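A.B. asks: Quick note, the sequences are listed as chains A, B, C and D, same order.
The numbering of the first sequence is the working numbering, which starts it at 1 and goes up by one.
The numbering of the second sequence is the working numbering, which starts it at 1 and goes up by one.
The numbering of the third sequence is the working numbering, which starts it at 1 and goes up by one.
The numbering of the fourth sequence is the working numbering, which starts it at 1 and goes up by one.
In short, the hints are calculated from the structure, not lab data.
Do not take every clue at face value.
[Stated by the list, open to error] List time: in silico DSSO-like cross-link candidates among lysine-lysine, alpha-carbon distance up to 27 Å:
| id | chain 1 | residue 1 | chain 2 | residue 2 |
| --- | --- | --- | --- | --- |
| 1 | B | K6 | A | K315 |
| 2 | A | K195 | A | K70 |
| 3 | C | K195 | A | K328 |
| 4 | C | K327 | A | K327 |
| 5 | A | K327 | C | K259 |
| 6 | A | K327 | C | K328 |
| 7 | C | K315 | C | K328 |
| 8 | A | K106 | A | K177 |
| 9 | D | K259 | B | K315 |
| 10 | C | K195 | D | K177 |
| 11 | A | K177 | B | K195 |
| 12 | B | K177 | B | K215 |
| 13 | C | K259 | B | K70 |
| 14 | C | K195 | D | K195 |
| 15 | D | K118 | D | K70 |
| 16 | D | K6 | A | K70 |
| 17 | D | K315 | C | K6 |
| 18 | C | K315 | B | K215 |
| 19 | D | K259 | B | K327 |
| 20 | C | K6 | B | K215 |
| 21 | D | K195 | C | K315 |
| 22 | D | K315 | D | K118 |
| 23 | B | K195 | B | K106 |
| 24 | A | K6 | D | K315 |
| 25 | D | K6 | A | K259 |
| 26 | C | K215 | B | K6 |
| 27 | C | K6 | A | K328 |
| 28 | A | K328 | C | K177 |
| 29 | D | K154 | D | K327 |
| 30 | B | K259 | D | K177 |
| 31 | A | K259 | C | K315 |
| 32 | A | K315 | C | K259 |
| 33 | C | K195 | D | K70 |
| 34 | D | K195 | C | K177 |
| 35 | B | K106 | A | K195 |
[As the list claims (entries may be wrong)] Chain B is nowhere near these chain D residues, computed Cβ spacing over 12 Å in every case:
| id | residue |
| --- | --- |
| 36 | E45 |
| 37 | S61 |
| 38 | A152 |
| 39 | K215 |
| 40 | G238 |
Just so we're clear, the structure is a prediction, and the values are computed from it rather than from any experiment.
All C-beta atoms, glycine included, are put in the ideal place defined by N, C-alpha and C.
Protein chains: 4
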Amino acid sequence: MIIVFKPHATEQDIDHVTDRLRELGLRTQISLGEERTIIGVIGDERILQGEPLSIFPGVESVTPILAPWKLVSREFQPHDSIIDVCGVTIGGRRLAIMAGPCAVEKLEVTVEIAHAVKAAGSTILRGGAYKPRTSPYSFQGLGREGLDYLLAAKEQTGLPVVSEILDPRDIDVFLEKADVIQVGARNMQNFELLKEVGAYDKPVLLKRGLSATVKEFLLSAEYILSRGNRNVMLCERGIRTFETHYRNTLDLSAVPSLKELTHLPVIVDPSHATGRWSLVAPMAKAAIAAGADGLLIEVHSNPECAMCDGEESLKPSRFNNLMIDLKKVAEAVGREL
Amino acid sequence: MIIVFKPHATEQDIDHVTDRLRELGLRTQISLGEERTIIGVIGDERILQGEPLSIFPGVESVTPILAPWKLVSREFQPHDSIIDVCGVTIGGRRLAIMAGPCAVEKLEVTVEIAHAVKAAGSTILRGGAYKPRTSPYSFQGLGREGLDYLLAAKEQTGLPVVSEILDPRDIDVFLEKADVIQVGARNMQNFELLKEVGAYDKPVLLKRGLSATVKEFLLSAEYILSRGNRNVMLCERGIRTFETHYRNTLDLSAVPSLKELTHLPVIVDPSHATGRWSLVAPMAKAAIAAGADGLLIEVHSNPECAMCDGEESLKPSRFNNLMIDLKKVAEAVGREL
Amino acid sequence: MIIVFKPHATEQDIDHVTDRLRELGLRTQISLGEERTIIGVIGDERILQGEPLSIFPGVESVTPILAPWKLVSREFQPHDSIIDVCGVTIGGRRLAIMAGPCAVEKLEVTVEIAHAVKAAGSTILRGGAYKPRTSPYSFQGLGREGLDYLLAAKEQTGLPVVSEILDPRDIDVFLEKADVIQVGARNMQNFELLKEVGAYDKPVLLKRGLSATVKEFLLSAEYILSRGNRNVMLCERGIRTFETHYRNTLDLSAVPSLKELTHLPVIVDPSHATGRWSLVAPMAKAAIAAGADGLLIEVHSNPECAMCDGEESLKPSRFNNLMIDLKKVAEAVGREL
Amino acid sequence: MIIVFKPHATEQDIDHVTDRLRELGLRTQISLGEERTIIGVIGDERILQGEPLSIFPGVESVTPILAPWKLVSREFQPHDSIIDVCGVTIGGRRLAIMAGPCAVEKLEVTVEIAHAVKAAGSTILRGGAYKPRTSPYSFQGLGREGLDYLLAAKEQTGLPVVSEILDPRDIDVFLEKADVIQVGARNMQNFELLKEVGAYDKPVLLKRGLSATVKEFLLSAEYILSRGNRNVMLCERGIRTFETHYRNTLDLSAVPSLKELTHLPVIVDPSHATGRWSLVAPMAKAAIAAGADGLLIEVHSNPECAMCDGEESLKPSRFNNLMIDLKKVAEAVGREL
């Protein structure tokens, strides 16, 4: 951490800061510049998080120099993490395609879609049983029954299942019935939920919050790893900007940036990001070209009657065509489907 | 709801939409314009939320015309809601000033600050026992013990207490020990938590999410009211923008806008919004001038050693001066402290 | 345009609006709904732009239903525009790669880079002679001399030249020396400049403003086309969000969206968007995968000593490798380099 | 400037950076930390702007420690600048209220509004002659004729006139006919225009760009001052965020922040910021409470027929009432109207 003093800071001001740092067990190195005095802090600056050094008299600015995370960093683990989900690996050369309906609705429809996405080449089935909806008057999901439908679809197709948890009180049912637990964008900073899913080794798919920075995203992942669960994959799903032509703004620069900073796999969800089915295919291809390790795509056999997010769902035939195109893009960037 | 068709939409396209609307129990009115055909939907369009009409063949756009909320609206209740917190009223002519430390740390410090903010004119004591922190390595709060310290401070000063809940599993302890339950910005769309606090009549202070629209904010409040709890106050606390000179951007236009749209009281938190103590006083005055019903302000007897958000905490003496200034601004806009 | 009235709007309110619309030469269609009266406006609603109908008594909301642009739309011209720049076509199956230094510095360096980017497969040379710099103390470009260096590089390599104009008073020198005139992000709404470049048929590369919506971007292009110049290409170059890990957030969803809405070619600039050379290659590939018609990439033979934006410049060897990779991605999506 | 090296940076890497800094005439101070080596740069770091030190091998991050501006800073001039506009002072205890129509339309209307705003207590007349409009099909202003109408209104009322310039080629007519030259939000980074208005001593009102940071805003002002014109006032007018309920988000935290950083007067425009007349009065009061030195308010005698921004214009009677209220708020914060 670098502490810069104001031009007219007194010796007393500098001593006051130095004393506080010493109290906290840190050593300092003082630099008397032409215009400013500067203190460099030596030692683990993570213990300074939350210390309000910027309000000490005479201080002009405080700049951290170490990343605030540890376990998720490339420095801590240089090689890519590869996560095993019932035999399907996520994070290696082979791309993971997770597809299925936004919300689980009926048993037959769920099984039908599962067969369709498997036939097209998906390796994981996605489906929402508990739905976080902006309005209390919208369909809130089938809950536990929805998870049972997914399980039935898994039995018939062999596809492992990813589904979203909303409430820490549901952890047991998810440990039993889901293969990957999704923590949604709205819960990226629901720290009690992060702690809960961090206490087991069940794989977790953590979505980036609507206005979360890359830094906050990694710190939320760090919450899970710091509780012991190393099986975390990150999912970019669009951020909120001023643009209203699409639902969110898919931030693909986050993909290579995350791959530089962390060893965790990075998945992209072009369906929620755009909210428009016609944009899903181009953005899915772009995500793979940018280096994503997998995709999360909404597929519905009858989008017009979907109970949630039908606007962005692909019909199985379109999804099948997309998979054919994705195979070519994957090969062009040295990956495979 | 208004459905606009593309220039070359066929009769079949229009019938297809009309049939679906009829299935859902809604009536329609068709308008054949020069460039476009338009359908107006008659009946409660709230049942159309989530219906993906925009992907029906031939449809160009779908525009809702009714607000998606009901119980929070001025149409539903034209007069201001006034909430009673142990005899302190929130929402009327008298402004509510809630002050105290960001995080509860020690019993003596908590009691000392409570006495100080009461002396300056505050009517409610704020303090965080469970702290949502971006990093897992930051101080996470004293938990239940922190609530006990607040209770002790209440006993000595008579000030009711507002504190933040993070986990629905803690509802009982909050019902017992807190007078107002705060749902923080990061949990504004933690719908399970909203449902939980909606099940009782304990007053709730709901903070706006970092990137929540006014619409989403009101829908989150609607979650609470729709479960039966009418004692909800809203709190603007800054939104996330590109500006980095202050922590967040306090959106004061939300204050008069919310007062137009809803009958619920509107509180402003200039401390978290700015993240800098030197900006708290001007923004507190601005909030009152803009029509806020109260303020949430961080006060700490020793900000340099605060375990959380010391940068934005006012010392008791500065807080006292601010209260003197606020009294003048309140009078200038027809309110009182 | 759809005008929705408040629940208690009077007949007088409705007549008042209808009268105003009639004055403006528009016909109306009134719909008496259960909760609201609605007026549909028949005729060219573009003449209503700027009419403050929302403040008429009794009016609740006003919603346009037609796009506010005309000449740039797919409705106006369904087929893709293809622009000819000295024999290089932009907008067809073949991708246009425009590469070169951020700022033109020295004659020899400019010529050297031009040879390098040509060898790697670029078809257009980019280079800034007039530089819009945030600080008055930064290098402001060589001006007219810089254009002469570009011209010299063109003579030696045959590559047409794109360069940015800042001032309408420089139009003559650009008409003489540049092959494509760039209007930069900061000038996207410098309407006097748009009118000036619209008065000739010299190709224009129009960059999206830092916080411009897709709608505003298209309206700025409409300014140029409405003055007579049809040779316009659009360039997505990153928008401003809260994220600080990269300079801007490249909004690739804009690419397929623009391709849906307009017939104009769409170029992507991954260099300015990310501000980091290590992100340029993945985002360039992603842009092509998303459907872009070309790229604008910064290349410098010695980025460490570049006078502008060295952080994001690729060395010729890296650029060469990128071009090899891009060829594969282009083929995967049915395009060619 | 602080340069932090990566953990495994070599001695050669460090020497390479040190050599470059020495070449540029700067001295360095090296600090060998436990985890990182750090270089502190001694001397005027403004000459490092644009130097891409972050791409030097082994460098992890580069952090400036001095503000990039000089003439606008409080360090350069600790006391408030007070600008004289034909005898009206801006920047002192007395608030400056600039009011009038968005666009100048007809001579009689202009004069009528000028009389009305003067009667209510305004000291400066605002009015747009050249209008920057998003769409080429919207009313573009009367141009030079509009300036003549403003001059006529000035002759009758004695109110000095502020009006917006769009094109550097119009500088002479503005020097002759306007008393304050406004540079609008869309032109905040039209550097050629900034240089032009900086070449004279005619007062300039510089509006903050829609997505400009406080830092960029001050650097744009620095452009003007660095050319010799010290008579600059800043105007906060709302920034672009994801919120759509109001046109822009008025960023009042910028007011006390700018007052800390610069000696220049700070004006607030609540009309353009909100785009809704019902929000103008509360936000005008809030701006004064936050410490603004003045306001820019749109007033029109017949908003329903205004050719531009009628939605946000106050009728003279409402404006008169607002002025009465503002007087009270001004007094409450130690200012006068």
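A.B. asks: Run every hint past the structure and note whether it holds.
C.D. replies: A quick look at each hint next to the structure:
1. B/K6 / A/K315: holds (22 Å)
2. A/K195 / A/K70: Holds. A/K195 to A/K70 sits at ~17 Å (cutoff 27 Å).
3. C/K195 / A/K328: Between C/K195 and A/K328 the Cα gap is close to 43 Å, so the pair fails against 27 Å, i.e. violated.
4. C/K327 / A/K327: This hinted pair holds, its Cα atoms lying about 16 Å apart.
5. A/K327 / C/K259: holds (23 Å)
6. A/K327 / C/K328: With a Cα-Cα distance of about 13 Å, the restraint between A/K327 and C/K328 holds, given a limit of 27 Å.
7. C/K315 / C/K328: holds (21 Å)
8. A/K106 / A/K177: holds (17 Å)
9. D/K259 / B/K315: Holds, at roughly 22 Å.
10. C/K195 / D/K177: holds (24 Å)
11. A/K177 / B/K195: holds (24 Å)
12. B/K177 / B/K215: violated (32 Å)
13. C/K259 / B/K70: violated (39 Å)
14. C/K195 / D/K195: holds (21 Å)
15. D/K118 / D/K70: Not satisfied, since the Cα-Cα distance of roughly 37 Å exceeds 27 Å.
16. D/K6 / A/K70: Status holds; Cα separation ~15 Å.
17. D/K315 / C/K6: holds (22 Å)
18. C/K315 / B/K215: Violated, at about 48 Å.
19. D/K259 / B/K327: holds (23 Å)
20. C/K6 / B/K215: Roughly 18 Å between the alpha carbons, so the hint for C/K6 and B/K215 holds.
21. D/K195 / C/K315: Between D/K195 and C/K315 the Cα gap is close to 34 Å, so the pair fails against 27 Å, i.e. violated.
22. D/K315 / D/K118: holds (14 Å)
23. B/K195 / B/K106: The hint is violated at about 32 Å.
24. A/K6 / D/K315: This hinted pair is violated, its Cα atoms lying about 49 Å apart.
25. D/K6 / A/K259: With Cα atoms ~18 Å apart, D/K6 and A/K259 stay inside 27 Å; holds.
26. C/K215 / B/K6: Satisfied, since the Cα-Cα distance of roughly 18 Å is no more than 27 Å.
27. C/K6 / A/K328: violated (54 Å)
28. A/K328 / C/K177: Violated: A/K328 and C/K177 sit about 42 Å apart, past 27 Å.
29. D/K154 / D/K327: holds (24 Å)
30. B/K259 / D/K177: violated (43 Å)
31. A/K259 / C/K315: holds (22 Å)
32. A/K315 / C/K259: holds (22 Å)
33. C/K195 / D/K70: violated (35 Å)
34. D/K195 / C/K177: holds (24 Å)
35. B/K106 / A/K195: Given pair B/K106, A/K195 holds - Cα atoms ~25 Å apart, limit 27 Å.
36. E45: holds (19 Å)
37. S61: holds (15 Å)
38. A152: holds (35 Å)
39. K215: For D/K215, whose nearest Cβ neighbour in chain B is about 7 Å away, the distance does not exceed 12 Å, so it is violated.
40. G238: violated (8 Å)
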